[in-house]
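K.L.:
As a plain string of letters, each chain reads:
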Amino acid sequence: MQERHHLPEDQIIRDLLRPVVYTSTMNWVAFIVLGGVLTAFVFAAGWMFYWGVGVTGLNRPNMWGFMIVNFVFWIGISHAGVMISAILRLTQAEWRRPVTRAAEVMTMFSLMTAMTFPFMHTGRPWRTAYFVFPYDFWRGIWPDVRSALVMDPSAVFTYLTGTILFVFVTMIPDFAILRDRSTGWRHGLYRVLALGFRGQERQWKMQTISGFLLAAIMLSIFVSVHSIVSWDFAFSLDPVWHSTVWAPYFVIGAVHSGVSAVVTLMALMRWLFKFDSYLRPEHFDAIGRLLVVVGSAWMWFFMLDVFFDLFRQDPVDLVIMNTRFFAWPYVLLLAFIFIFGYFIPVPIWLFRRFRRNIKVMFWTSIMVNVGMWSERYWLVVPGLQQKYQWSFDWTSYRPGPIEVTLIIGSFALVGTLLLVFSKLFPPIPVWDELEGQRFAGEIQVGKRTVPAIVREF
Amino acid sequence: MATHAEHAHGHRRVQRTWDLTPQQVVTDGLQRIRAAGSSYRLALIISAILGVIGVIALIIRPIIGAGWGDRQAWTYVAATFGFLMSTVGSAPCFSVAMRLTRGHWRRPVNRLAELWGAGLIVPFILLVLLIFVLPNTEGRQTLWFGWWAAPYLWDIVMMLALTICGYGFLYVASLPDMAIARDQVERDRPGRFTRMARGFRGTVYQWQIIDRGVAYLGALYILLYVGTMTVMASELILALLPGDNSAIFPAAYTVAGLESGIAVTIIAMAVFRRWGGAGEYLESEQFFAASKLMLALGLLWFYFHWTEFVIWWYGRTPRELSLLKVLYFEPYFWLFVIAFACMFLAPLFVLVWTRIRMGIAGPTVAACLVVVGQAVDQVRLMSASFSIPNIYEKELSIIPNAYIPGVFDILLYVGLAGGAFALVLLALKVVAYPSIWEITAGLWLRARKQYYKTEVTLIGKPN
Amino acid sequence: MSVTQVPMPPTPKWGMVIDLDRCTGCQSCVVACQAENNIPINTEEAYLQRRAIEWIRVERYWEGEFPNIKARYIPVPCMHCSDAPCEPVCPVFATYHTNEGINMQIYNRCIGTRYCSVNCHWHVRFFNFWQPKWPASLENQLNPDVTVRTRGVMEKCTFCIQRVNHAEQNARLDNNRAVRDGEVNTACAQACPTRAIVFGNMNDPQSVVSRAIAGTDRGYQVLADLGTNPSVLYLKKLDPDAPAQSGA
Numbered sequence: 001m002q003e004r005h006h007l008p009e010d011q012i013i014r015d016l017l018r019p020v021v022y023t024s025t026m027n028w029v030a031f032i033v034l035g036g037v038l039t040a041f042v043f044a045a046g047w048m049f050y051w052g053v054g055v056t057g058l059n060r061p062n063m064w065g066f067m068i069v070n071f072v073f074w075i076g077i078s079h080a081g082v083m084i085s086a087i088l089r090l091t092q093a094e095w096r097r098p099v100t101r102a103a104e105v106m107t108m109f110s111l112m113t114a115m116t117f118p119f120m121h122t123g124r125p126w127r128t129a130y131f132v133f134p135y136d137f138w139r140g141i142w143p144d145v146r147s148a149l150v151m152d153p154s155a156v157f158t159y160l161t162g163t164i165l166f167v168f169v170t171m172i173p174d175f176a177i178l179r180d181r182s183t184g185w186r187h188g189l190y191r192v193l194a195l196g197f198r199g200q201e202r203q204w205k206m207q208t209i210s211g212f213l214l215a216a217i218m219l220s221i222f223v224s225v226h227s228i229v230s231w232d233f234a235f236s237l238d239p240v241w242h243s244t245v246w247a248p249y250f251v252i253g254a255v256h257s258g259v260s261a262v263v264t265l266m267a268l269m270r271w272l273f274k275f276d277s278y279l280r281p282e283h284f285d286a287i288g289r290l291l292v293v294v295g296s297a298w299m300w301f302f303m304l305d306v307f308f309d310l311f312r313q314d315p316v317d318l319v320i321m322n323t324r325f326f327a328w329p330y331v332l333l334l335a336f337i338f339i340f341g342y343f344i345p346v347p348i349w350l351f352r353r354f355r356r357n358i359k360v361m362f363w364t365s366i367m368v369n370v371g372m373w374s375e376r377y378w379l380v381v382p383g384l385q386q387k388y389q390w391s392f393d394w395t396s397y398r399p400g401p402i403e404v405t406l407i408i409g410s411f412a413l414v415g416t417l418l419l420v421f422s423k424l425f426p427p428i429p430v431w432d433e434l435e436g437q438r439f440a441g442e443i444q445v446g447k448r449t450v451p452a453i454v455r456e457f
Numbered sequence: 001m002a003t004h005a006e007h008a009h010g011h012r013r014v015q016r017t018w019d020l021t022p023q024q025v026v027t028d029g030l031q032r033i034r035a036a037g038s039s040y041r042l043a044l045i046i047s048a049i050l051g052v053i054g055v056i057a058l059i060i061r062p063i064i065g066a067g068w069g070d071r072q073a074w075t076y077v078a079a080t081f082g083f084l085m086s087t088v089g090s091a092p093c094f095s096v097a098m099r100l101t102r103g104h105w106r107r108p109v110n111r112l113a114e115l116w117g118a119g120l121i122v123p124f125i126l127l128v129l130l131i132f133v134l135p136n137t138e139g140r141q142t143l144w145f146g147w148w149a150a151p152y153l154w155d156i157v158m159m160l161a162l163t164i165c166g167y168g169f170l171y172v173a174s175l176p177d178m179a180i181a182r183d184q185v186e187r188d189r190p191g192r193f194t195r196m197a198r199g200f201r202g203t204v205y206q207w208q209i210i211d212r213g214v215a216y217l218g219a220l221y222i223l224l225y226v227g228t229m230t231v232m233a234s235e236l237i238l239a240l241l242p243g244d245n246s247a248i249f250p251a252a253y254t255v256a257g258l259e260s261g262i263a264v265t266i267i268a269m270a271v272f273r274r275w276g277g278a279g280e281y282l283e284s285e286q287f288f289a290a291s292k293l294m295l296a297l298g299l300l301w302f303y304f305h306w307t308e309f310v311i312w313w314y315g316r317t318p319r320e321l322s323l324l325k326v327l328y329f330e331p332y333f334w335l336f337v338i339a340f341a342c343m344f345l346a347p348l349f350v351l352v353w354t355r356i357r358m359g360i361a362g363p364t365v366a367a368c369l370v371v372v373g374q375a376v377d378q379v380r381l382m383s384a385s386f387s388i389p390n391i392y393e394k395e396l397s398i399i400p401n402a403y404i405p406g407v408f409d410i411l412l413y414v415g416l417a418g419g420a421f422a423l424v425l426l427a428l429k430v431v432a433y434p435s436i437w438e439i440t441a442g443l444w445l446r447a448r449k450q451y452y453k454t455e456v457t458l459i460g461k462p463n
Numbered sequence: 001m002s003v004t005q006v007p008m009p010p011t012p013k014w015g016m017v018i019d020l021d022r023c024t025g026c027q028s029c030v031v032a033c034q035a036e037n038n039i040p041i042n043t044e045e046a047y048l049q050r051r052a053i054e055w056i057r058v059e060r061y062w063e064g065e066f067p068n069i070k071a072r073y074i075p076v077p078c079m080h081c082s083d084a085p086c087e088p089v090c091p092v093f094a095t096y097h098t099n100e101g102i103n104m105q106i107y108n109r110c111i112g113t114r115y116c117s118v119n120c121h122w123h124v125r126f127f128n129f130w131q132p133k134w135p136a137s138l139e140n141q142l143n144p145d146v147t148v149r150t151r152g153v154m155e156k157c158t159f160c161i162q163r164v165n166h167a168e169q170n171a172r173l174d175n176n177r178a179v180r181d182g183e184v185n186t187a188c189a190q191a192c193p194t195r196a197i198v199f200g201n202m203n204d205p206q207s208v209v210s211r212a213i214a215g216t217d218r219g220y221q222v223l224a225d226l227g228t229n230p231s232v233l234y235l236k237k238l239d240p241d242a243p244a245q246s247g248a
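Protein sequences appear in the order of chains A, B and C.
When we follow the working numbering, the leftmost residue of the first sequence carries the number 1, and every step to the right adds one.
When we follow the working numbering, the leftmost residue of the second sequence carries the number 1, and every step to the right adds one.
When we follow the working numbering, the leftmost residue of the third sequence carries the number 1, and every step to the right adds one.
Okay, chain A solo, but in the shape it has when bound:
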């Protein structure tokens, strides 16, 4: 890997901590733009809170719309964190090192953003808070655990708790590095967070073991979260929603969109924080290869879902599939799903030359998420708008301006949170990068020099 330079350790630390102490002009611009959009988001949320769900475009058969679609989308994005850090950590893939922190933090913030949506979306959010958060057991009002909507917040909050713990554990050595190099209120903050970490053998051991354990436990939560999100839909009797494949299909789609979002984030970080010598083309190469596999698996599940909806030739299913395939706007969304979600990016990723081109990777990853957002809309909304002939009321749905503002605002919310995070904590794990640097070696095979990794066995 010719692009890998052996940097001195203090330079690595200095480089990776730069975003924490230095705010570039672009950074300020980003803050202002995102802050503006976020203000609109807060205003729209407040407006809806004050006037009620009536301000949306929802109507009788279409009781769930943009906000639920966006909820599914953000939950999907959140699946990148575990995919990257837990699975790659357990399989000891070397290239994960600079990517993990960004993926985990994005998981955390996108989960938080995702959960605001079903919350805002309910008719009486003040009551929802009261049912999702500590429940008043002394009045004997229990939630109904049969409902997917009880499993859902349970799974998501478990995932959120797990992610926060995981992020925290993997950040402890970095807190210690920051503590030793900061003064003032920052020193106080990092001192508390570092939990007295001094780099002793035992402390490293505990940090590593807890990281591994949390990763392994989170794997099962990771699968359950998006399965249950899919069951929000699939447990109902709505034709085409009531599909057995939805749980794994949602999970793999989530990984597809989440890992693509990580690529977007990596490219942005490389540009914004000048991390050129840490987020190298080899990392984009590896993640691109992973995406080819994930994307193809997602396509397989997508095809299974479509084909087996048509399989029985049941008129009820056929009508909805007809809408999905030929009616406006679903035909456009379907084109987005196919073209942006798979048939442009994946063939591009097959080529090493493109995988190592950061611009190409950035735009293809954006494309995937456009496709995946369309996919969620394509899956969720048509299922409601025409169910059975004897349901009557076949109506389409059009989002209102408030909903659109909320959707755009959710991106600003995640963006702002990520920026704020990078002002307080290093967005690339410093200790992990240092460890990777020590593990890296080279082997001479004939005339070639092959990059190598240290293994203790």
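Hints are not guaranteed to be accurate.
To be verified - Each computed EDC-like pair below joins lysine to aspartate or glutamate, with the alpha-carbon atoms no more than 20 Å apart: (1) K325/B - D211/B; (2) K461/B - E442/A; (3) K394/B - D225/C; (4) K449/B - E94/A; (5) K70/C - D225/C; (6) K274/A - E9/A; (7) K325/B - D225/C; (8) K236/C - D217/C; (9) K133/C - D145/C; (10) K449/B - E435/A; (11) K461/B - E9/A; (12) K237/C - E100/C.
To be verified - Partial chain B-side listing against chain C, Cβ under 8 Å, derived: (13) R316; (14) T317; (15) P318.
Keep in mind the hints are simulated off the structure, nothing from the lab.
For glycine and all other residues, C-beta sits at the position ideal for the given N, C-alpha and C.
Using the hints provided, position chains B and C relative to the given structure of chain A.
P.N.:
Same frame as chain A, now just chains B and C:
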């Protein structure tokens, strides 16, 4: 700064494989080719006899005894087909997956996984016979939506492509070893290796072709395997169960196949370690990694079946209730329990312990159970789908009784599986094990280095 | 301390039979329900937004091809499914089944996830998108026996539970006897000029509603193949022009 791997895995002994010299690897690889052992010959004879019995049973029971009009008589032909697809058919996928992860532990295992592909001709022949039992796609559930010559032509084309690809993959991946055998064994008198190795001399260009060929054929094999299993699951099971449009089922069927594909590879590893003189190549590292993947697929087996079950359970329409009964609860309840125990519980409770995965016996026992579970599960699925008298209904109105196999059904099942095994054994006459070129390549990519106070191994990861 | 055990009367199973042969599509059931159950005024805007609330609504559909086309009417109240799909999906038990076969909605518990509406395939669950308002002149017209719902909750047909409760209370006071047939009636059934809608106890074989369904082969349930077993049964329309056919 202390390191990750040290804490996670403790200190491990260096595998003996990586201390061998290339010459030793060549000697070991060519040992069986120079002189086949008596146990090998015995196994070959037994499995060949089983194969003959299977063919006789196939002719007596379905072909002559029942003919193509009686679908139920073909239940066990379908089960044999499904079982072989899930074992010999899926093991090469495991090899491809290992190549994709690019770990060095895979090098002694790849060849074993690919070897199973040598049995692929048996399921192909079975499918050609079996496909004519299916009615045409008019008026029934089908994946083909009125395509010309569907399902007959396209099913056979898919299966043929898979079979050719499997043999091609095995051939290309072992071509360099055939060249070694040609140069070392048949130095004076040209024989089958001279013919099969062609003009492979190890030029840079030829090696590029081998590299690309293995990569592309492998990728193609996985795609074809997933595609074929999806279509077969739909064709032989879903389409014959009225009202069953469970989209997860083809995926569940494929995953079960991949799980038992790893299982047969682990069994082959254990056999070669014990009787095949490959003790220096197959050590705990290989069993550890392979069984970890098998455990993951076992968990997926449960996950995919659970998603199917829970959707039907919540749906509770009469259509779904009758499917739950026919597949899970009523006639084949005990078969499902056995499959569940063997395909999910056994890998879970045996392999969840790192200490057991590090050993040899634990993974082998779990793998044997998985293969048994797969055999039982195929019987369950095929019996359920092949016993439905009227497949043109919208939903299943009568749950048929369990199909009880006769003597010929059992003989057919065991015999044809044995026949496929005989083919795998025959392939060992031309395919070297352990894989000489892959293991020697692994030897090149290792180095020792002083790291502070300890000596560590450097593993090369070429791009 | 001993409590005298008063034998409870047999539990009724409330049900409804709607004879489509009698229905003229006059919408008086809709108006009666509106008045009885404090349903907000459905303005033109509410219809345009597709958010009108009608616990019972009269749907029109077409039968036949163009020259021989016929308009048909079908009043659709909540089906009170015995195995209702809307019930298990509610996270807060705001909807549940009484032991008398009524699918109930508890407004105070409802948080407005609208999942029940998503999983109701008769589209008979209504959401209060806005705070309901009445003109000042109508505020004194509200039925004191029925809760006025706030915005953000689901509401639906209750089989006029206030009338059922009232009748059951009277019957309990009167020697703890069972409710007699005809003592309780829903607003829609009461208002139906052609007596197309009949309400009563399905468990009592002598009740009008039981006899209405027992003596006919025209009975059917809407969307019966979903397996939810609705408590509202329909009697199909007789078509004098259609060739004679046997069976339902």
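K.L.:
Sort out whether E100/C lies within 20 Å of K237/C, counting only the CA atoms.
P.N.:
violated (29 Å)
K.L.:
Hint check: K325/B vs D211/B, CA-CA at most 20 Å. Holds or violated?
P.N.:
violated (50 Å)
K.L.:
Given P318/B as an interface hint, is its Cβ closer than 8 Å to any Cβ of chain C?
P.N.:
Holds, because the Cβ-Cβ distance from P318/B to chain C comes to roughly 5 Å (cut-off 8 Å).
K.L.:
Quick one, are K461/B and E9/A close enough, alpha carbons at most 20 Å?
P.N.:
Measuring from Cα to Cα gives roughly 24 Å; hence the hint is violated.
K.L.:
Given the proposed pairing of K449/B with E435/A, does the C-alpha separation stay at or below 20 Å?
P.N.:
The hint holds at about 17 Å.
K.L.:
For the pair supplied as a hint, K325/B and D225/C, confirm whether the alpha-carbon distance does not exceed 20 Å.
P.N.:
holds (18 Å)
K.L.:
Verify the proposed pairing of K133/C with D145/C, using a straight-line Cα cut of 20 Å.
P.N.:
holds (18 Å)
K.L.:
Has the given pair, K394/B with D225/C, been kept, meaning a C-alpha gap of at most 20 Å?
P.N.:
holds (11 Å)
K.L.:
Measuring from the C-beta of R316/B to each C-beta in chain C, is the shortest one below 8 Å?
P.N.:
holds (6 Å)
K.L.:
Would you mind confirming whether the straight-line C-alpha gap from K449/B to E94/A stays at or under 20 Å?
P.N.:
Holds. K449/B to E94/A sits at ~19 Å (cutoff 20 Å).
K.L.:
Regarding the hint that T317/B lies at the interface with chain C, is the smallest CB-CB distance below 8 Å?
P.N.:
holds (4 Å)
K.L.:
Under the criterion that the straight-line Cα-Cα distance not exceed 20 Å, is the pair K274/A, E9/A satisfied?
P.N.:
This hinted pair holds, its Cα atoms lying about 18 Å apart.
Going through the hint list in order, the structure does not satisfy hints 1, 5, 11, 12.
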